[in-house]
Every structure is written in C-alpha cells, then in structure tokens.
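Work out the full structure, taking the sequences as your base and the hints as a guide.
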Amino acid sequence: MINNVLYKQPKFWVLGILFLALCAFPQVTSGYQTSLLAKFLVFGIFALSLDLIWGYSGIVNFGHAIFFGAGAYAMGIALKYLPFAGATYFAVIFAILVPMLIGILLGYFLFYGRVGGVFFGVVTLALTGVVQSIIIISSDLTGGMNGLFDFAPPKLGIPGLIEFDLYSPTVAYYTVLAAAIGCYLLARYIVNSDFGRVIQAIREDEDRVEYLGYNVPFLKVVIFAIACGMAGFSGALYVPLGFISPDLLSIERSAVVLVWVAVGGRGTLIGAFVGTLAVSYMQTFLSDQFVVLWLLFIGVLAILVILIWPTGIVGFAKRYSLRSIFPFKQS
Amino acid sequence: SARGEETVKLGGLFHMTGAGSVWGPSMQQCMEYAINEINSSGGVLGRQLAMLAEDDNTSPDIGIQKSTKMIQADGAKALFGVVYSSVRAAVAANVAARFRVPYFYPTYWEGGTSCGRYYVSMGAVPNQQLDYFIPYLVEKFGPRIYCVGQDYIWPRQSIEIVETLLKKHGGELVGKEFVPFDQSDWSSVIRRIKDAKPDVFFPFIGGGLVDCIKQYYDFGLGETAIASTLMDELFVPAFPPELREGMQCSVSYLMDLDNPVNNAFIAGYKKAYGEDAVVNNMGEALYDSVHLWKLATEKAGSFDIEDTVDALGGLSFNAPQGEISIQASSNHAALHQIIAEVRADGSFEVIKDFGKVEPITDCKV
Amino acid sequence: MLEIEDLDVGYGTTKICRSVSLTVGEGELICLLGRNGVGKTTLLRGIIGMLPATKGRITFNGSDITAADDYDRARAGIGYVPQGRLVFQKMTVLENLRSGTMIGGDRLGSYPDEVFSYFPVLKQRLNQAAGTLSGGEQQMLALARVLSGRPKLLLLDEPSEGIQPSIVAEIAEILQRIRRERGLALLLVEQNLKFARSISERGYVIEKGSIVAAGTVEDLAEDSVVREHLTFAS
Amino acid sequence: MLQIENLHKRFGGLTVMDGLNINVAEGETRCIIGPNGTGKTTLFNLITGKIKPDSGAIKIGGRNVVSRRVYEIARLGVSRKFQSPTIFGDLTVEDNLIIAATGRRNFTDLILSRRHGAESRIEEILEKLEFGEFRNDRSGDLSHGQRQWLEIGMVLLNEPDLILLDEPTAGMTLAETARTADLIRQVLHGKTTLVIEHDIAFVRRLEAPVTVLFRGKVMCEGSFEDIAEDEQVRRIYLGENP
Amino acid sequence: MEALVIQTLNGVSLASILILTSLGLAVIFGMLGVVNLAHGELFMLGAYAVATMSKLGLSPWWGLLVAPIVVGAIGMLIERTIIRRLYHRPIDTLLATWGVSIVIRQVVRLIYGTGHMSSTSLMVGSTTVFGYEYPTYRLFVILVTVLVVLLTFFLYFKTTFGLKIRLVISNRSMARALGINTSKTDMWAFGIASALGGLAGAIMSPLVTIDPEMGLAFLAKGFIVVIVGGIGSLYGVIAGGAVIGGGEAAISFLLRPVVAQIIIVLLAVVIIRVRPKGITG
Ligand SMILES: Nc1ncnc2c1ncn2[C@@H]1O[C@H](COP(=O)(O)OP(=O)(O)OP(=O)(O)O)[C@@H](O)[C@H]1O
Ligand SMILES: Nc1ncnc2c1ncn2[C@@H]1O[C@H](COP(=O)(O)OP(=O)(O)OP(=O)(O)O)[C@@H](O)[C@H]1O
Ligand SMILES: [Mg+2]
Ligand SMILES: [Mg+2]
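Chains as they are written, first to last, in my numbering: chain A, 1 to 331; chain B, 1 to 365; chain C, 1 to 234; chain D, 1 to 242; chain E, 1 to 281.
If you are wondering where the hints come from, they were derived from the structure by calculation, not from laboratory data.
None of the values given here were measured: they were computed from a predicted structure.
Heads up, the beta-carbon is just placed ideally off N, CA and C, and yes, glycines get one too.
A portion of the hints provided could be inaccurate.
[To be verified] Cross-link-like lysine-lysine pairs, in silico, DSS-like; alpha carbons within 27 Å at most:
#	chain 1	residue 1	chain 2	residue 2
1	C	Lys123	D	Lys217
2	B	Lys140	B	Lys176
3	C	Lys90	D	Lys52
4	B	Lys364	A	Lys80
5	C	Lys90	E	Lys158
6	D	Lys50	C	Lys90
7	B	Lys352	B	Lys167
8	B	Lys168	B	Lys352
9	A	Lys318	C	Lys15
10	E	Lys158	C	Lys123
11	E	Lys55	B	Lys271
12	B	Lys270	E	Lys55
[To be verified] Simulated coverage check for chain E against chain C, where a stretch passes if three residues somewhere in it have a Cβ under 8 Å from a Cβ of chain C:
#	segment
13	160-167
14	170-182
This is how it looks when you write it as structure tokens:
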C-alpha cells in the first residue's frame, strides 16, 4: 500500500530526499554554512507570510519589514526584561503578538476604511519610516541607532533540565527547519480551507464577495493579522542568527521580500522558500565573487527574472511539468 | 604555493554599496596599502599577510554574514572596517565578541556601547574631538554656539559635552535641536538658528550635512562661522567652494598634515592609487589599525589571537597623524586633536595640533 | 470589403475559431449567429486584431491586414463595439465620444454632433463619468463612440444587449440609415434574432468555432442549429 | 417580504428615485422593466446597501435595512446577480460555487471548511447548469453567456430568501433564455425574486407580475399581457410592435 | 509678523518642492498605473546632470536644460525595454523598477565614483517679499513649480496627447481597438514623466546632497504626497504637496521635528482613512 503510493507519486520520493538532505545539512557542512541556511530559511518564513497576503489575498504590502522588525524587537526586548528561565517561550509569543496587534490596528484602520490596493501598500511604505523613527528615538528601550544587543541569549528546552542555546548554529538550524515546515503546513492549511478560497475571491473582487454575505474587512484583517504574526515569528527566529537594528525595518528589506516571493512564484507558498533561497544564495555567491559589482548584477537579474519568468520559478517549473516536485495545488 | 599557505589573513568589511558607500573604497585602499607595506617589509613574524575584503551593503545583516564568513570559513585573525554604527554594533557583538577575534573600528563615535575585550576603538570619542575645539571656538568667534543634531545617541552625547564645555569656558549654548534622519528641507531649522543669532553654528549631522549647509547659505547665514567634527577630505567635495571656505574642523588626521610620516604615507598612497586618491581620518585610522595589530602580534610573538589581544593595551604607534597609543583600560586609541580651516579649493589649513588626547569613556576591557 | 480566408484564432495555445472563411461586401449587413460560447466574440476580436491569427488571411479593402496592428486596422476604418461595452469608465461621456474619432482617420478630433441625433440621452450626460451611466446608456455610448469616427465596417457584438425594446428598434433604423448615407458595412453578432433579421440580409451560423451554414437570414432562420438555439423550442 | 416605501435618491441634479413604493410578497416572482437609465439597477443598489437612499425605507422581512452594510443585508438572505456578469475569474467554476454556497457561515466554519451539506447542492447546480465538464476550468475563460449562468448558479447557492436578478439573460441565445426562465421558475419557485429584464420574450415566459418603472416611480403594475396593452408603456418602452 | 510671513513662505516653498519632486511620480504612478521605484534615481540623474555641467566648466543653467532631455530619453529607454512588457502586471513593474533603480545607482557609482558631487549654486542672494528677505532661489523654485504644474496640466487635460494617454490607462486593449497606438503614447508618457523627475532633480541640486543614494529619500515622500492627494489626479499632487509641506512646516515649527514627522505620516494615514481616494478623490 505505502509502496504503491511511493511508486506512483514521485513527489513523495523527492520530498523525502529533500527532507533528509535538509536534516543532514549541519552534519556535512560548516557552522557558517549551517547558520547561513538557517538565516535564509527564516527569511523564507518571512516571505511565506508575505505570500499569504500578497499572493492569496491581493493585499499589497510595501512595508512588510515592519512586522519582521517588530517581531525581532519584541523578542529582544522581552529577553532583556524577562530575566527568568524559560523566558524565550514568552518572548516568542510576544514577538508574534506585537506585530499581530500592529497588523490588526492597521488593518482595522485601513481595511474598514476601504483602503486597499496600492493605497494600502504605500501607506505601509510610509509607516516604515515612522516605525523606524520611533525605534531610533526610543533608544532607552530599543538601543536606538546602535541596535539592541544586551539581552539574555534565547534558549530552548526545559529550563533547569535540558537547555539548548539558540546561538549554536545547529540548534538554531533545526529549530528554524521545524518552524519553516510548521509555518508552511499552517499556510497550506489556511489557503486550502474555505477561508483561503474566500480570501482569493477577495483578491479578485472584494465588492462581489461582500454581496455573498462575507464581512470582507474582517476577513482581510484576519488574514493580515495571521501574516503579520508569522512575519513577527520569523523576526523572532532571526534574533539568534542576526542582529536587531533599525535596518531590519528598511524599505530595502520590504522590497527584497517582494522580490523573493515574485522570483519564487506568487501564490504558491512553496515559491516563497524557493525564491528566498535562490535569490539569497545568488546574492551571497555574487557578493563573494564581485565585491563591488554584485549589486549591479542583482539589479539586472531581478529585471531579467521578472521579464522572463513572470510566474516565478515555481510557475516555470509547473509549466515544464516538474509537477511532481513541487507540492502546489493543481488547478 | 607553499608561500600562499603561510599567509595570515586579515578581514576588511567595507561599505562598498548602500548608504555608506562614500566611505568604502578609500577605506579598502588604506587597509590594502597598510598590508602591502607590511608585506614588502617582511611581513609579520616572517609571514606574509593576505587581505580579505567584503562588502556589507551598509547593512548589519550582511555585515554579520560576511564577517562570520571571513572568520569561520576563511580563518581571518582580525577584523577591520565599517562606518555605520549599527553595523559596528552588530559586528562587535555578534562576531568579534562571539568568535573572539579583535575588531578595529576606525570612526568617531559616542563611545560607551560595543565595548569589550575584542573591540578596539580607533576613532575619536566626543571628548577627543571637543576638549580643545570648544574653547578655541569661543575664543575666536564668540561665546554663542548653536547645535543641531540628528535624533540619535552620538549627536545627543556630543551636544551634551559641548554644553558642559561651553559652561566651563564661559560660552553659552544658545540653541540645540534634533532632527529626523531624512530631514531634507531645513528652512524651519535655519530660521530658528537665524533668530538665535549665534556666533558659531555647530551641526552634528551625518547624512544631511550637505543639504543643511547648502540651504544655510541660501538663507543668507554665510557670515556665521560653521564648526564641524565631520568635515573631512571625502565630505569637502560635496560643497561648492564658496560654501566650504572658512569652515572650522576638529579632526584627528588630515591629508594636509605636514610631518615626515604623513608625507611618506601620502606619497606612497598616491603612487599606489593615483594623484586624486583620497584618505580621510577613517582611512588613516584603518592604516594605523593594521599596524597596531602587527605590533601586538609581534609583541605577543605568536599568531595566537588571545596573546595578540593581550598585547594590544598600551601599545603605541607612530602614525601619520603623530604618535597614537591604545588605552589599556578601554582598548580605545588616544588620538590627536587637530583644528583646521577649509580653504575654497577644498584643502585644509592646519591651525593647531593639540597632540595626543586620551579618550574618556565608560568602557572597560 | 472584408474577406476572411481559413482563419484560426484563439487564446494562447487554445484555438477557438478554426478555418473560418467569410466575406462582407461593400455596404452589406451581415449577421453571425450561434449559441453561447461557440467563438463569435473570439472571431470579432481576431478581426479587429486584439487576438492574433494563427493561420489564414484577413483582407480589408483589398489589402492584407492579417499582420497589421489592431490600431492600424481601426485607423483603416474598422469600428468595433465589444460585448460588455467597455466604455472608458472613469472618463466623461464627452471624452468617450472623442475617443472614437481615430477610427477611419489618423488623429483624435472632436465628435460630430450627429451622434446626439442617434442617442439624445447622451447629450444630457456629457460630463458624467461613463462608468456611472446605466447599462443601456453605456451600450448606447459604445455605439455612439464608434459612430463618432468614420468607420467603413462596423463589428458589433450583441449591441442590443441591455437596451430597451423601443430603442433596439431605433438602433436598427439608425444602422440602416447610416448604411444608406455612407455605405457602411456591418458584421453583427446577435442573439436577438428579430433584431438580426430587421437589419441584415445575409448571415453565417457558427458552431464550435467553425462556420456551419451560410445564406440569407430567412433561410438561416430555418437552419436546424439556429432553430434549436436561437428560437424558442418548446 | 420586501417593502419599499417612499424612496428618494438623487445623483447631483438627477433624480433617480422619486418616491418609489413597491411591495413584494413572500414567495412572489416580480419582473421589473423600464426604459434605460430609469433607475432599475439603482433600485438593486439601494436594496443591497451599496448606496444609501436620501430618504425612505426599505424593509426586508419587516426590518428596515437602510442603514445596514452590504454584507449584513446579504446575510439577511439577499442575493444579487449583476447586470454584467461578476464572477471570480481566476478561480475555478467549482470554487466560485463553493464561495457562494458558504457565504453566510461564521468564521469557524470557514477556517475548518465545514460546509454543512453544501456539496450536494453544488453538485445539483452543476448538473442543472450542465457545468460538470467545466467545473475545474478557470471561470474567467468562460464565454459571456456561460458566465451569466455561473453567476445565476452562485446566486442560487447563496441560500437566498430574496433574489435580485439584473438582466439575467443578457447575451444568451433564445433557447438558453428560455431555459433560464424555466430554471428560475422551477428552482426559485416559492422564493421571493425580483428580475430586471429588457428581453420581452423572457418576461413573457416568466409568467410573473410586471412592474414598470419610469422616472423613479412605479408607472404601472400588472400581468405581462396587461402591461403590453398599455398605451403609455408602449410609447416609452416597448415601441410600436413588441 | 515676520515669523508668520517667513514660515508661510517656508511652507509654500516646501510644498512646491514636494510637488515638483512628486509630479513625475504621480504621472507615472497615478496615470500609467506603474509604481516606479526608480523615480528617485531619475531625480538623482537630473542632479548629476547639473553637477556634470559644473564639472565640465559650463554654466549649471545648462543642466536645467540637459537634465530633462537626457533623463527623459533614459525614461523612454526604460519604457521600451522593460516597462512595456509589464503593463498588465502592475506589481511586477514595482519589482522591475526596483531592479532598474539598483542598476542606475550602481552605474552612476561606476562612472562618477562613490563620493559626493558638488554643484555650483544657480542663484545666490535674497529678495524682499512683503518687506522680508527670502532666498531668491527658493522663490525661483516656487515659480518653476507653478510653471511646470501648469504645463503638465495643459499637456494632460487640454491636448489630444493627454486624452490618448488617459484612454490608454483606462483600457489599453479597447484604446488600441479604437485606433490609438498605445506603444507610442506609453513611451512618450513615461518619457515625459521621467523628464519631470530629471528636471526636479536638476532644480533641487543646489539645495541637496548629490550622491548615488540621494533619490531614496525623495521617493518615499513623493509616494506619500501622491497618495494623500489622490491617485490619478494631478490636482491631487498639488493638494498632497500643500497638505504635507504646509503641515510639516507648521508642525515642525511647534514640535520636536522627529515627532512632527511621525505626526505628519500618521496624519496622512488618517486622511487616507477618511478619504480613501485622496483629498481630491
Ligand atoms: N480569455 C480567454 N481565454 C481562454 N479561453 C477563452 C477566453 N475567452 C473565451 N474563451 C473560450 O472561448 C470560447 C468562445 O468564447 P466566445 O466569447 O468567443 O464565445 P461567444 O460565441 O461570443 O459566446 P457568447 O454568446 O456567450 O458571448 C468559450 O468556450 C470560452 O470558454
Ligand atoms: N453614481 C452615479 N452618479 C451619477 N449618475 C448616476 C450614478 N449611478 C447611476 N446614475 C444615473 O442614474 C440613472 C439610473 O441608472 P440605473 O443604472 O439605475 O438605470 P437602469 O434602470 O438600470 O438602466 P438600464 O436598463 O440601462 O440598465 C442613469 O441615468 C445613470 O446615469
Ligand atoms: Mg460573445
Ligand atoms: Mg441597469
């Protein structure tokens, strides 16, 4: 029976091998490579959260980095001010709730006010600057321009019994890997649910959806809050792998996450990871090779990919019948 | 080759792209120049140095990634570079302290954060820039000073020190004001300066300085003297000649310094990178940093990083700016304070070199 | 005036119309009949050039326009009233009327006043955004828009849709009149058989993308396909 | 079921509703005709809450809905088909139907995909509309007439108590128009329905009472035959030989 | 009294700077539906044109002429090669123009180096307005803004070219079916909007830092202006510039500037919430 499934569904083989390869990665590479991949997987979760709103609900967010940054800051601040054992868990919850709350506030304000489309995007773009300014001037809490670094190191496990320091690349890597798979499955469940279906209908014509009896602003706030929470979660995971500074909320970061999703393929979920990994490794490779020119190449590449692969890598793969590899919904 | 295996690697992290890219290229050249100089005079403990250079895109994230790579994958023995404070803080905390590798930061800053055993501050902290500068300004132009800074820690601390010094020297801070980073229209700010009728306008503005000064002149404030701790060889070309002429600067190094060490340094540097090549105080600090690392390593007698770090405290070096030394208690450099005036052609006229000034900082190694 | 030989049109890789051949003579009023989804709209889009022909030839006034751009076809004198009207929603009625003046010409001019003699209601709405017009008014505007130009051939896709019965009859008269005055030729897609009959003499029946019958409208009305789908079978 | 009382609405200088009064009984099918631009679609916009009247009341099941939001009115059981077909072009035919069928459920049902037996109703509609072969097609690729049918299917699945159809047969062949009329008569039998239509054959076939709107008021009401005889209606609407 | 007059002039001058710098953005964004993240770089190129003139020893006034022409031509080139393929994919234009902005910045760095550029002042001194001294150049900027706005209005609302552009934006394929050569109008529309960006950069060059990164700051502000004013309407740009510029001048007179800036953006959000289509929408 199982054999039969495996035989008929090459997808399972490919996914299984991919999973094993990911599990084995830290064992066969250096700490640097491990933390690099962990960081990129964190970015993948961040991109996934954007795909949920951008790819599926048509909410254009040019300031998604706000939520990533808010998550990271919430994590850092919580670790700094909650000095007891097991604080990491609270910090992570905090890092999910704070961006979610910002998302709900913003969503309540704008979606209930019927602000949508590019308007919404540009408002979030403008807010990026505001949140950055707020962080910089509240330097007592956030460390201001210098960034936030004097907090207790995040630890997982059972306090007192067995603890894992997230600053260890391997621990961070497996944590992030599990989180990435969990977030992917959650997102997949959401978009495949009836809620996900309605969200996609809202993307196309929100007025029409309303005539069918759906409270459109509410549903938009819900999906937006979920995405913001997920972005915040990725921000929290980023803390042991990177550095908390106002740079996390830059417009560049908001732009680059759009690029990751677009390159991977909008509205495919898995494309968020594919795009993030592809672009990030490409960037790492190019900037190692060409210290000065790499950014120019990235610009050219971004243009070419968008012109040549309008549906992203996953869309392209779909067309060339690599269907079995990518577990996207067949429509 | 056998020789290649013996090289000792030093990592340079530069803002080659992004907001800080004004500084990256000249810093990279300075570090490269220092390494070449050391190599051609026999290297360190008989081994040649090799330079690693990476671009951080002026971002802490990439800064961490690249410096981790230089240390973990390439085996760099020390890190050098960076201007932006967020990148500095990131590299100091997440790379230097974590992987126990010395990191030399070449730029003026407020001091106090980032400190630690592996962090070597080679730039001036506020007291080094201001101790002699403020009395000089009061005496030369008058007691009334107006300060404007961007709204973050370095300007805030600097302006605080200005205020204290003014009190001590019979001056008066007639106004202070903090502005956002992306302030692009300065008309309101300038109006308030004008109303306060200061003798000296003293901005602590990084990115927006050029806009501010351009508009300052436009509003007819050209008569009031401008004092700055930021003005250097890289900044000066941004101003039209009529605006830069007469600006008062406090720095620890200038290309136009006339002493044998500097003359040799500049001559060699221009020979290597062309007549138009520019060094500013950060570049010189980076050059000094590499030499200090060499001295520490030689003093330690081995390439063991801990020994090198131990050897750093109290070392001194005869730098292009004059003799400098590392304060053992803080790993901060004692630097010269030089006051200069900008000429219309963009060169600096050195007015006074106050010699080595010890840094005052909370940092403890 | 218009000759179509062996034409294939479709969307991307899906072919909808296959080997269509038809002609519209000078001043002739031709109708195209067929049930829903058989490719009538697709064919008109192929003729105006919104969709590329993958095979075959389109000749207009003696010149081959198969490869011509859609805007050049319009400038050569083909006017198109699409199904679903497609007026310029956010622009005023006046601007919509002006937008048709490049048809059969080469510059954007002002519309001729005679369009108001066809549809007087538009005159009171000149500065209203076209998107806020009622459905029927938009349909009239779409017709008035092409009539502002100097089309030699009109492609009409279900022009009676959403228009009240009395005006449908008027439109038939207007089209007849313009044909008499200016020798306008017409290719009409229509479900309303009565309307089709009242203006056209000759027609084609299209089924699954191919022409299956041709002849006078009266004959076609007897055709089995037409009988089955375009009349009330009880 | 639906009472419209003394409804007024102006757009700038244009009076579209001028004291309109209409009463539709529970289970009744009512046909609304009237010249182009006389305010029929506007009436639907008012009932569904898309626009608010200047004055007057709209009562559905006795409740005045004038101040309610669009989705709240939809949740009261008002379902609408638009004048030009409005479907979700990027979704499949089936997804369109599912969304319509589940519009009035609460959020928990939505996220848990609990459909409460909507599947069988969807199958039923797919069969009735003969859409089985298209069920997994992108609905945006359907032809005009097919989209009209799909939207009618969506309206039917929305569990409506009051159905508003704006020109449901526009662009359909006569045979399909007839089938649509039959479909409405069968499936909607016993449901309160308002139909706007210019297709006289369809109106006749519907065998429902007809209200003629003119300049924001009811001009006359009656069976189709009565209306067709009315001199004034012929003059302003039907033309000389309908 | 003096404070009032000067502060009002400051408000007007700031508003006109904002209007001038966001006009081209508004045309591309509001009218062509393209979110042009490279607009800041077009602005930067305009400023570099003036600096290049100074460097060549020519009068910087030539820069004011050269900038719109060169930048307009570059805009047309971008349209022909990239934007043209993306009109039906508005979000992708955002990503592609992000790529373009990187490319322009890096190419400028390669050609001019990473450092700051200097430019000569175009005008110095001040003029007496209502009895008070005000910088002549700022008055010149106000004047130029008024002229450019009028010209743009005339172009878009009074000429057949403007009508064509608006038809194309409204419904591309239908406009073609009515005989309008959309590729030509697109190219010119994008070119003219780019030229506006270049001109704004040239005009602003004596007042701002000239370096490869200078466009970024103006881009974000420009978008806020366009949004607050209302997309797709040129009146909107004026209204948006007036509200944001006047508001910033007024509030920063009273409050800590950083707080003023935060308040301004939050205010913009409130305005958008209350008037989702912008002030003029
Ligand atoms: N954009 C599109 N992409 C792919 N297929 C399409 C597209 N538009 C229409 N089709 C398909 O082409 C076929 C013909 O459509 P067309 O609109 O030409 O029919 P029609 O004869 O005009 O029908 P109707 O009378 O309903 O308007 C239909 O089966 C439809 O599904
Ligand atoms: N938002 C609006 N602003 C201005 N006028 C409007 C607006 N909406 C509708 N109108 C006008 O109100 C009138 C009534 O329009 P409505 O769409 O209700 O007509 P209708 O009876 O449905 O006509 P049709 O049979 O042609 O669809 C029309 O003249 C229309 O131009
Ligand atoms: Mg059709
Ligand atoms: Mg209507």
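Here's how the hints hold up against the structure:
1. Lys123(C) - Lys217(D): Distance ~23 Å between Lys123(C) and Lys217(D) Cα, so the pair holds.
2. Lys140(B) - Lys176(B): holds, 21 Å
3. Lys90(C) - Lys52(D): With a Cα-Cα distance of about 22 Å, the restraint between Lys90(C) and Lys52(D) holds, given a limit of 27 Å.
4. Lys364(B) - Lys80(A): holds, 21 Å
5. Lys90(C) - Lys158(E): Between Lys90(C) and Lys158(E) the Cα gap is close to 17 Å, so the pair holds against 27 Å.
6. Lys50(D) - Lys90(C): holds, 19 Å
7. Lys352(B) - Lys167(B): Roughly 23 Å between the alpha carbons, so the hint for Lys352(B) and Lys167(B) holds.
8. Lys168(B) - Lys352(B): holds, 21 Å
9. Lys318(A) - Lys15(C): holds, 22 Å
10. Lys158(E) - Lys123(C): holds, 21 Å
11. Lys55(E) - Lys271(B): With a Cα-Cα distance of about 25 Å, the restraint between Lys55(E) and Lys271(B) holds, given a limit of 27 Å.
12. Lys270(B) - Lys55(E): holds, 22 Å
13. 160-167: holds (count 5)
14. 170-182: Coverage by chain C holds here, the residue count being 12 at a Cβ distance below 8 Å.
This entry satisfies every hint, going by the numbered hints stated previously.
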